Amino acid sequence: QQQVRQSPQSLTVWEGETAILNCSYEDSTFDYFPWYHQFPGESPALLIAIRPVSNKKEDGRFTIFFNKREKKFSLHIADSQPGDSATYFCAASNSGGSNYKLTFGKGTLLTVTP
Amino acid sequence: GPKVLQIPSHQIIDMGQMVTLNCDPVSNHLYFYWYKQILGQQMEFLVNFYNGKVMEKSKLFKDQFSVERPDGSYFTLKIQPTALEDSAVYFCASSSSGNTLYFGEGSRLIVV
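Residue numbers (the numbering used here), protein chains in the order written: chain B, 12 to 125; chain R, 2 to 113.
Derived from the structure by calculation, the hints contain no laboratory data. Note that the structure is predicted; figures quoted are calculated from it, not measured. Warning: the hint list may mix true and false statements.
Pairs of lysine-lysine residues, derived as DSS-like cross-links and limited to a Cα-Cα distance of at most 30 Å, are as follows [as the list claims (entries may be wrong)]: (1) B:Lys-82 <-> R:Lys-79; (2) B:Lys-68 <-> R:Lys-4; (3) R:Lys-58 <-> R:Lys-79; (4) R:Lys-4 <-> B:Lys-79; (5) B:Lys-79 <-> B:Lys-67; (6) B:Lys-68 <-> B:Lys-83; (7) B:Lys-83 <-> R:Lys-60; (8) R:Lys-37 <-> B:Lys-83; (9) R:Lys-79 <-> B:Lys-83; (10) R:Lys-4 <-> B:Lys-117; (11) B:Lys-117 <-> R:Lys-54; (12) R:Lys-63 <-> B:Lys-79; (13) B:Lys-117 <-> R:Lys-58; (14) R:Lys-54 <-> B:Lys-79; (15) B:Lys-82 <-> R:Lys-37; (16) R:Lys-60 <-> B:Lys-79; (17) R:Lys-58 <-> B:Lys-83; (18) R:Lys-79 <-> B:Lys-79; (19) R:Lys-4 <-> B:Lys-82.
To list a few chain R residues with every Cβ distance to chain B over 10 Å, as calculated [what the hints assert, rightly or not]: (20) Gly-2; (21) Gln-12; (22) Gly-17; (23) Asp-25; (24) Glu-57; (25) Asp-64; (26) Gly-73; (27) Thr-77; (28) Ile-80; (29) Ala-84; (30) Ser-96; (31) Thr-101; (32) Phe-104; (33) Glu-106.
Beta carbons: idealized from backbone N, C-alpha and C, even for Gly.
Work out the full structure: start from the sequences and follow the hints.
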């Protein structure tokens, strides 16, 4: 049973467009939802994260939209740049005290074409 | 940002042999994780620690896997014996809060 589902598997957008990456989750106890990005040959790094107290979180060109009722959240990358080309992973965790762990989606390979 | 160090960066090993992957987390981080990633795809959780103690092992954590913290600082992931399907990049990560994970550069393991 996959707890965090991510789509699309791959996405190509033109430079300047908005890229939209989607995730959904099953476990209603999840209360922390980060997005990580990973460039080829590198390790994943935190990009932006949200908690369910908010339905939107912005950081520059990156925005998370969160829908608690539908158990969905998405990452919008505005004014996409070729340097944004990477694999993006959504993830989820719950505040399980000492047993925090992130469950990752399968990733979206984003290609931004100049 | 904080640095998590992994050794080796890559290793090629014959099937059936033993391999030990090492990770030095950020010094004051209490949360520690091992993840497995195949071909740049999903990060799959293997095992996590809190304050040096194992909290949870996933179904992927086969009997051939073992984890240790030899001297209270760095962590090891040992696979004995290795199988072809163990070929992957193994990432360790640490965290001070359990939320933001800082990943090492990964150990690319190729089992032939």
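These are the hints, each one checked on the structure:
1. B:Lys-82 <-> R:Lys-79: violated, 37 Å
2. B:Lys-68 <-> R:Lys-4: holds, 27 Å
3. R:Lys-58 <-> R:Lys-79: holds, 14 Å
4. R:Lys-4 <-> B:Lys-79: Violated - the C-alpha atoms of Lys-79 (chain B) and Lys-4 (chain R) are around 34 Å apart, more than 30 Å.
5. B:Lys-79 <-> B:Lys-67: Holds: Lys-79 (chain B) and Lys-67 (chain B) sit about 11 Å apart, inside 30 Å.
6. B:Lys-68 <-> B:Lys-83: holds, 14 Å
7. B:Lys-83 <-> R:Lys-60: holds, 26 Å
8. R:Lys-37 <-> B:Lys-83: holds, 25 Å
9. R:Lys-79 <-> B:Lys-83: Roughly 37 Å separates the two Cα atoms, so the pair is violated.
10. R:Lys-4 <-> B:Lys-117: At roughly 25 Å apart (the allowed maximum being 30 Å), Lys-117 (chain B) and Lys-4 (chain R) satisfy the hint.
11. B:Lys-117 <-> R:Lys-54: holds, 28 Å
12. R:Lys-63 <-> B:Lys-79: This hinted pair is violated, its Cα atoms lying about 35 Å apart.
13. B:Lys-117 <-> R:Lys-58: holds, 20 Å
14. R:Lys-54 <-> B:Lys-79: With Cα atoms ~33 Å apart, Lys-54 (chain R) and Lys-79 (chain B) exceed 30 Å; violated.
15. B:Lys-82 <-> R:Lys-37: holds, 26 Å
16. R:Lys-60 <-> B:Lys-79: OK: Lys-60 (chain R) and Lys-79 (chain B) at ~28 Å, within 30 Å.
17. R:Lys-58 <-> B:Lys-83: The hint holds at about 27 Å.
18. R:Lys-79 <-> B:Lys-79: violated, 40 Å
19. R:Lys-4 <-> B:Lys-82: Not satisfied, since the Cα-Cα distance of roughly 33 Å exceeds 30 Å.
20. Gly-2: For Gly-2 (chain R), whose nearest Cβ neighbour in chain B is about 8 Å away, the distance does not exceed 10 Å, so it is violated.
21. Gln-12: holds, 16 Å
22. Gly-17: holds, 28 Å
23. Asp-25: holds, 14 Å
24. Glu-57: Its Cβ does come within 10 Å of chain B, the nearest being 6 Å, so this is violated.
25. Asp-64: The claim holds: Asp-64 (chain R) sits with its nearest Cβ about 21 Å from chain B, beyond 10 Å.
26. Gly-73: holds, 18 Å
27. Thr-77: Holds, since 19 Å exceeds 10 Å.
28. Ile-80: holds, 20 Å
29. Ala-84: Per Cβ check, Ala-84 (chain R) is outside 10 Å of chain B; nearest 23 Å; holds.
30. Ser-96: Check fails; 7 Å does not lie beyond 10 Å.
31. Thr-101: violated, 5 Å
32. Phe-104: violated, 4 Å
33. Glu-106: Per Cβ check, Glu-106 (chain R) is inside 10 Å of chain B; nearest 5 Å; violated.
Checked against the numbered hints listed earlier, the structure breaks hints 1, 4, 9, 12, 14, 18, 19, 20, 24, 30, 31, 32, 33; every other hint is satisfied.
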